[in-house]
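Residue-level listing of the chains:
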Amino acid sequence: MRKVRVATTSLAGCFGCHMSFLDMDERLVGLLEHIEFSRSPINDIKHCEPCDIGLVEGALCNADNVHVLREFRQNCKILIAVGACAINGGVPAMRNHFTLEECLNEAFLDEIGVDNPHIPNDVEIPLLLSKVHPLHEVVHVDYYLPGCPPPADAFVKIITDLLEGKEPSLPREILHYD
Amino acid sequence: MNSVQGAAPTSDLTSASYHDDHLLHRLYALQQQFQHIPASSIGALAAELCLPLAQVEAVIDFYSFFHRTARGRVDLLFSNCTSCGDLSLMHDLCQRLGVVPEQTRADGAVSIGEASCIGMCDQGPALLANGRTLTQLTPLRLEQIAERIEASTPIEQWPAEWFHVHDNVRKNGLLLGTTFSTGSALVAALEKGAQTMLDEIIASGLRGRGGAGFSTGMKWKFCREATGDAHYVVCNADEGEPGTFKDRILLSSHAHAVFEGMTLCGYVIGAKKGYMYLRGEYRYMLPELLAVLERRRKLKLLGTAILGQSDFDFEIEIIVGAGAYICGEESALIESMEQKGGVPRVRPPFPVTQGFLAQPTVVNNVETLAAAAHIAVHGGGWFNAHGSDKSDGSKILSVSGDCTTPGVYEYPFGTSIQRILDDCGAEHVQAIQVGGPSGTLIAPAEFERKLAFEDLATGGSFMIYGAQRDLLHVIQNFAHFFAHESCGFCTPCRVGTTLLKNGVDKIATGHGTQYDVDELRRMAALVKRRSHCGLGQTAPNPILDLLQRFPQAFEDRLVHSDFEPHFDLDKSLQEARRLTHRDDAEAHL
Amino acid sequence: MSKTIKIDGVDVPFEDGQTIMDAALAADIYIPHLCHKPGLSPHGSCKLCTVDVDGRAVSSCTMPASEGQQIANNTPALKEVRKTIIQMLFIEGNHLCPSCEKTGDCTLQALAYHHDMLDGHFPQFYPRRNVDASHPTLIIDRDRCILCELCVRASREVDGKNVFAIAGRGIKRQLIVNSPSGKLADSDIETEDLASHICPVGAILIKDHGYEVPIGRRTFDLHSIAETDLEQVILKKTVHHDA
Ligand SMILES: Cc1cc2nc3c(=O)[nH]c(=O)nc-3n(C[C@H](O)[C@H](O)[C@H](O)COP(=O)(O)O)c2cc1C
Ligand code: SF4
Ligand code: SF4
Ligand code: SF4
Ligand code: FES
Chain Y
92 MRKVRVATTS LAGCFGCHMS FLDMDERLVG LLEHIEFSRS PINDIKHCEP
142 CDIGLVEGAL CNADNVHVLR EFRQNCKILI AVGACAINGG VPAMRNHFTL
192 EECLNEAFLD EIGVDNPHIP NDVEIPLLLS KVHPLHEVVH VDYYLPGCPP
242 PADAFVKIIT DLLEGKEPSL PREILHYD
Chain W
17 MNSVQGAAPT SDLTSASYHD DHLLHRLYAL QQQFQHIPAS SIGALAAELC
67 LPLAQVEAVI DFYSFFHRTA RGRVDLLFSN CTSCGDLSLM HDLCQRLGVV
117 PEQTRADGAV SIGEASCIGM CDQGPALLAN GRTLTQLTPL RLEQIAERIE
167 ASTPIEQWPA EWFHVHDNVR KNGLLLGTTF STGSALVAAL EKGAQTMLDE
217 IIASGLRGRG GAGFSTGMKW KFCREATGDA HYVVCNADEG EPGTFKDRIL
267 LSSHAHAVFE GMTLCGYVIG AKKGYMYLRG EYRYMLPELL AVLERRRKLK
317 LLGTAILGQS DFDFEIEIIV GAGAYICGEE SALIESMEQK GGVPRVRPPF
367 PVTQGFLAQP TVVNNVETLA AAAHIAVHGG GWFNAHGSDK SDGSKILSVS
417 GDCTTPGVYE YPFGTSIQRI LDDCGAEHVQ AIQVGGPSGT LIAPAEFERK
467 LAFEDLATGG SFMIYGAQRD LLHVIQNFAH FFAHESCGFC TPCRVGTTLL
517 KNGVDKIATG HGTQYDVDEL RRMAALVKRR SHCGLGQTAP NPILDLLQRF
567 PQAFEDRLVH SDFEPHFDLD KSLQEARRLT HRDDAEAHL
Chain V
1012 MSKTIKIDGV DVPFEDGQTI MDAALAADIY IPHLCHKPGL SPHGSCKLCT
1062 VDVDGRAVSS CTMPASEGQQ IANNTPALKE VRKTIIQMLF IEGNHLCPSC
1112 EKTGDCTLQA LAYHHDMLDG HFPQFYPRRN VDASHPTLII DRDRCILCEL
1162 CVRASREVDG KNVFAIAGRG IKRQLIVNSP SGKLADSDIE TEDLASHICP
1212 VGAILIKDHG YEVPIGRRTF DLHSIAETDL EQVILKKTVH HDA
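Read top to bottom, the protein sequences are chains Y, W and V. FYI, in the working numbering the residues of the first sequence are 92 to 269. FYI, in the working numbering the residues of the second sequence are 17 to 605. FYI, in the working numbering the residues of the third sequence are 1012 to 1254.
If you're looking for bench data, these hints aren't it; they were derived computationally from the structure. Honestly, I wouldn't trust all of these hints.
[Claimed, not checked] Here's a subset of chain V near chain Y, in silico, CB distances under 8 Å, partners left out:
(1) P1109
(2) Y1124
(3) P1134
(4) R1139
(5) P1225
(6) I1226
[What the hints assert, rightly or not] Capping the alpha-carbon separation at 30 Å, the derived lysine-lysine pairs in BS3-like fashion look like this:
(7) V:K1172 to W:K356
(8) V:K1194 to W:K356
(9) V:K1218 to V:K1048
(10) V:K1183 to W:K587
(11) W:K356 to V:K1183
Beta carbons: idealized from backbone N, C-alpha and C, even for Gly.
Based on the sequences and whatever the hints tell you, model everything.
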């Protein structure tokens, strides 16, 4: 039987969700009987191939995040928003309190100890969106896995349910936003 | 007395019927004098009026006509109503004067912004200049205005005829066509006695003209029977529903009938005090209204011992609002009278048992009270000889929009919509908004429907949209209106009207999909059903009506994809492009 | 015989003067609520307690109970409506639970769990609102204020003060402090006041008591707001319907 192909990525996130994913520990070994990874920080594949499941951690804070998210949406049959940042902006969205100009000035011009103060403008650097946004404001999202991060058990449950062709659900005790 | 500290300025209008110790009036005077409410004046004002500081702060932020930072010495507010507004004129003038909308020009001479419908729909486009009404605007007039602003000519010295407001009565009916002899209703009341007069009003079948259509006689009866330290009569002259201006004509040309209706109500329910709550947009009528009250006092039709009857005392005071549609809702209106923001109360209790100052209060529309005065003179039979089955008498309509003769028309209830269209010279009509944005949007197939509580009810607004109008744009205007006017008390309306506005905007600007339409429909249903008061309960009507009757108006704009982002991605990079001076391909989305 | 109303088919007794909410609470029937607290005057603003009485939507915390009312409360449709209202409260403010000291003890969050809320559903408003950290023992973070006015009422009705008010109109409504500077430090609030403790969300917090109970061990980590929840939460979103 063909293995179910899974891609994962972290946009504006802290990789905490990925760490939690790896917290599946030895259960991951069992899962690998049934799944294989496409693009993921775990294997360093750079682009998302056509996949069954895409797990996206992190919010959208720059143009590159948007490109990656779109690539995932185009290639993944099922797209899952993982964690608080992907779902409502989370900690990265705390910068929405300030204008982008205030943020960049603080980081690159006004901060004490900055030498050669200038706002980086190399074309290699993705431009920042004026505000940080959750995923569902830009693409359709199929499932949501709340938590900061969602516990390893939540990853096990959602993937196993999907593998078994069930509508994924979580035991209520592990539905948390924190 | 120019110092900001210390007592706030009072106005020169103080009369027996306009009191300077009302918070709204004091804030108005401050706004006039300083173009804003200086922070340093708030403490003294609160102390003087014995109000908590936070209450004064809350009121300043609630009403559209009070500002925290200075507006221009000339502050122009263009109506943004689909009938009396023309924002292209506003943008032209902004350009001409170098003004950004809602921002005061650096020299402090001028600011330009928007106001919700200012009730001049029969003679638009219109604006308020420092609160004074200018109608029938033309590019030429705006040019003249611009010249005077640049020459620092004070508004008081602008030609008086610019400020003239016409009545435009096009068709007289039962009320407008019957001469009202001042004092006649009170003479009749004294002859018959309060109980008989009440029975007469009940028998007439008069129902409220403000929109809800509750039996006026029964309202008076409940209030009369309610116990309290005092009873009050309130005339609702807030007339905020876009497209409505018929109360304006009653106030400008039939004020005696209106005040007499109030006094009559006072007599029937045992009230010694009445209030007229006049919308801020109609402040230009205040001097004349106060003069009418003064005449009535001289005629012994107001004050103590009315018509020599030792136990018949009644006074009328006018309270002027400050730009808030919600204050037309009767319990919000009462809150506003009590020097608070206009937040609708929990009901029950209803105003008839616990209204102004928690005392039994009748709140009636201007037209209702004028009708009651006529009924007192001519009898209930005279009144209910006209009208339809369940709707007695006549209705005064404010007809505006795409027709040759906009203005005021009075019809017996039961008149067909087509008849009205024929009378006002409306051809190639695409749709009519009957009853204003909170009412019903009807299509040509329904033009044989009747004006009546049991069919098409209206508080008076009748806005006609010709074939060339973009109905989605009209509905977008209404969605903005409701989001702007929601008081914000309850979650469904506070958040929901903004979501509806954003949803309509998304579709109207060509970024909506079928999903967005479905979302809009669901949110509309929730806001309509779960909101606290009439504003939220009717705010989704235009959207739902358009979806039902003109689905094409939405479909024509849809993008045929599964999903479109909820914000403009490329625009979201604009600020970063500016800060990095980049404009390469990667700098766009 | 006492008078009764029927909530989801169950007879519930009531006395004159009681609201539907009063009667339900007395009978241990859970109607979700957020702006209501027994002992303070009913407010009727959050609309989470919305129920259908003989087919009409009413707020149970303000609607007087009256003989024979047929009330729908715990129905799938109402659950969807309430979840939507909760989502509206989330997206109009800035509710970033992972960085909020109230997490786990927050009524809004607990209600969201109870209603199987997975996301805010609507585009975030991300308003910019002010923090007031002027007071030595209290902090106001307006990002999380849901305008329930519990603090306003607690201060006026129980503390005998008038520390808080809500200012402004529509989506711009916000909590203000009744003091000359508008700052909490200038008001007469005290830590012991009910108003200091009543906030159902993390908008008014007591300083220096952060994270005394670790995340995961807090009130709603251990208990559901209504102990009637189903065990599993479906991870696919449902959409509300309210016709
Ligand atoms: C949002 C809203 C705005 C209203 N505006 C007005 C108004 O401007 N004038 C008016 O007479 N009634 C208005 N009403 C209706 C009043 O609440 C009230 O029903 C009416 O004043 C009663 O008078 P009536 O019985 O004579 O119609 C409004 C209601 C709502 C919900
Ligand atoms: S429905 Fe709108 S206007 Fe009415 S109380 Fe609620 S928020 Fe205020
Ligand atoms: S107040 Fe409640 S819902 Fe809001 S961020 Fe804090 S814990 Fe989350
Ligand atoms: S601060 Fe808390 S208690 Fe006060 S209104 Fe806001 S959410 Fe309610
Ligand atoms: S609990 Fe009833 S409206 Fe908030």
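Hints and how they fare:
Proximity of V:P1109 to chain Y holds as hinted, the smallest CB-CB distance being about 4 Å (cut-off 8 Å). Taking 8 Å as the C-beta cut-off, the interface hint given for V:Y1124 holds, the closest approach to chain Y being about 6 Å. Given the 8 Å rule on beta carbons, the hint for V:P1134 holds: about 5 Å separates it from the nearest Cβ of chain Y. Given the 8 Å rule on beta carbons, the hint for V:R1139 holds: about 6 Å separates it from the nearest Cβ of chain Y.
The beta carbon of V:P1225 comes no nearer than 11 Å to any beta carbon in chain Y, farther than 8 Å, and the hint placing it at the interface is violated. At a threshold of 8 Å, the smallest CB-CB gap from V:I1226 to chain Y is about 5 Å, leaving the interface hint in force. As the CA atoms of V:K1172 and W:K356 are separated by approximately 18 Å, the hinted pair is consistent with the 30 Å bound. Distance restraint check for V:K1194 and W:K356: the Cα-Cα separation of roughly 21 Å lies within the 30 Å cut-off, and the hinted pair is therefore satisfied.
A hinted pair counts as satisfied when its Cα atoms are at most 30 Å apart, and V:K1218 with V:K1048 qualifies at roughly 24 Å. Taken as a hint, the V:K1183 and W:K587 pair is honoured in the structure, with Cα atoms around 24 Å apart against an allowance of 30 Å. Between W:K356 and V:K1183, the direct Cα distance comes to roughly 16 Å. Compliance with the 30 Å bound is thereby established for this hinted pair.
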